[in-house]
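Asks: Heads up: the sequence lines are chains Z and P, in that order.
Residue numbers for the first sequence follow my numbering, beginning at 123 and rising by one.
Residue numbers for the second sequence follow my numbering, beginning at 346 and rising by one.
Simulated from the structure, these hints should not be mistaken for laboratory data.
Each hint should be verified, as a subset may be incorrect.
As the list claims (entries may be wrong) - Simulated restraints on C-beta separations: (1) Z:Val253 - P:Asn539: 44 to 54 Å; (2) Z:Lys244 - P:Pro577: 48 to 58 Å; (3) Z:His132 - P:Pro751: 18 to 28 Å.
Stated by the list, open to error - Straight-line alpha carbon distances no greater than 25 Å define the calculated DMTMM-like cross-link-like pairs of lysine to aspartate or glutamate that follow: (4) P:Lys736 - Z:Glu140; (5) P:Lys735 - Z:Glu186; (6) P:Lys372 - Z:Glu266; (7) P:Lys722 - Z:Glu140.
All C-beta atoms, glycine included, are put in the ideal place defined by N, C-alpha and C.
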Amino acid sequence: MQKIYYQAKHCDGCLACEVACIEKKSLTKSLFMAKMEQPVPKARISFEKFGNHYWASICQNCVEAMCVGACMTGAMQYSETGEVVHNLEQCVGCWMCVMVCPFGAVVPLEDAKKVSKCDLCKDEKTPPCVVACTRKALCYCTPEDYENEG
Amino acid sequence: MRYLIIGNSAAGIFAAETIRGLDSNGKITMISKEDCLPYSRCLTSYFLGKEISEEGMNIRNKDFYTQTGIDFRGGNAERVDSDYKCVWLDSGEKVGYDKLLIATGASPFSPPLEGSDMKGVFQLRTSADAKAMAEFAPKVKTAVVMGAGLVGLKGAHGLHELGIKVIVVGSAPYLMRYSTDPESSEILIRLLENDGYRILLNTKAERILGERNSEGRMAVSGVVLNSGEHIPCQMVLKAIGVRPNVQLVEGSGVFVNKGIVVDEEMETHVKDIYAAGDVAEADDFLQGGKSVSALWPTATEQGIIAGYNMAGVKRSYPGALALNSAVICGVGLISAGIMNLPPGEGIVLKAVEPKRNFYRKFVIKDGRLIGMIMVGKIEGAGILSGLIRKKAKVDLNYLNYLLTNPVKYQGYFPVGKGGE
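When you get a sec, could you build the whole thing from the sequences and use the hints?
Replies: Below you can see the structure in the form of structure tokens.
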């Protein structure tokens, strides 16, 4: 299973990943048109500067995920390969997952009464946010590769 | 190893999945008196309000039992024989076990009230309750909901969605008394009243009035309150509270207080019998001691812990933390931990903006965050509930900043000074 890893020491807070995510999640797939969409698409990755570093908030695909336990509709579940997947159809927008995710990685879409989170953009070879990261603060790899290469 | 699980809701399902993950050869048997796919009781009010379909209530797909290799049986478990390690069903059948999990949940409870046996008096717990209510609803113009807790308000919302005028009668001085405080309740009351609900607090129903309908049965025609007011209505929803279903273990030697008392491994006083979910009385995270907590996330967490221990992997339960999330008229409310401290104890930080339906409250004691309420902007609530779980010392200045600013993940939460 591949995950998105984040290393704060490489990040300079350019937010190119956020932009790439908004573009990908917009209906028009264009950043310029995305601004005009209603509701305005939200990025599934967000940043906050604290101290000398930027901190990314993105789904970690936890092995024992709080959101899966808290989800009262069964919309949050583990896939066969171990990722946490969210089924938009089953979601009713009760915000239980928002209530428990310690990374704040579940994004409430208030207008649609649903939540959303990073789905690792399975339709792409590499998620656009990782492609957009020129400083290599984000990397898309298996836990073993991450351990070995740091 | 033979595992037997009684009950197929939150705790039972998560325990079964955990056991299957650890022991692929064990024989898992599940018995439930509701012979259906596992569904979510929290969604019954959504079904009532026609926001989701009947299948939408299911939390697992239709192949769940076969895929997980669970032998599921519909039936009513009647008695546990801990000496011979078996459970008797009311059909006379006997099912043996090596490890038993009791996850029978809870049932609605309400003090006796005159007229409760009439047609038109409902409770909302199971999918059958919701179906019965949905079937009756077209004849209803006005409904009285007794109880201003989470179930009462969700039921009220469901009925409101169907175009029924809803009157909520609560005995407490504010709404959802275990998961809000007076100020956040005020915001919710205003929202509900603007939406056409009528909210009566500090009020009790004294009796339900009825009249004989065309079939010759007594049907609800109104409710008399202790204020003397008479409200004409056609439906009454009783949502006062729930009581653990402990009848199954009576006479088996399992110690029962309010619920089935379990230790930190979710095991009861009798070896190899475990309990989890709404039926269990487990450790409390913040207050110490034991408590019964009837919440979905608590039930799943206890189910997972019980599953681990049943499969032979020791894990201890950190204790139940009260976590509540509700959406009232489109405005989210999330609360965690202890929301109301006695006056003079601890520090309370508050930010109120009633016009924007925004409210935040943090409760700090001994330098640790022990409770919070967020109304309106709920993004990042998990970071704060995670902080309560960590029992870490917090920086008051930083919490003050968070009262009005978005809560975002920052690697490590500020502890005193510095963040890394």
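Asks: State for each hint whether it applies.
Replies: Comparing the hints with the structure gives:
1. Z:Val253 - P:Asn539: 44 to 54 Å: For Asn539 (chain P) against Val253 (chain Z), whose Cβ atoms are near 47 Å apart, the range 44 to 54 Å holds.
2. Z:Lys244 - P:Pro577: 48 to 58 Å: At roughly 56 Å between Cβ atoms, Pro577 (chain P) and Lys244 (chain Z) fall inside 48 to 58 Å, so the hint holds.
3. Z:His132 - P:Pro751: 18 to 28 Å: holds, 24 Å
4. P:Lys736 - Z:Glu140: Outside the cut-off at roughly 32 Å; violated.
5. P:Lys735 - Z:Glu186: Within the cut-off at roughly 17 Å; holds.
6. P:Lys372 - Z:Glu266: violated, 34 Å
7. P:Lys722 - Z:Glu140: holds, 21 Å
In this structure, the earlier hints numbered 4, 6 are contradicted, and the remaining ones agree with it.
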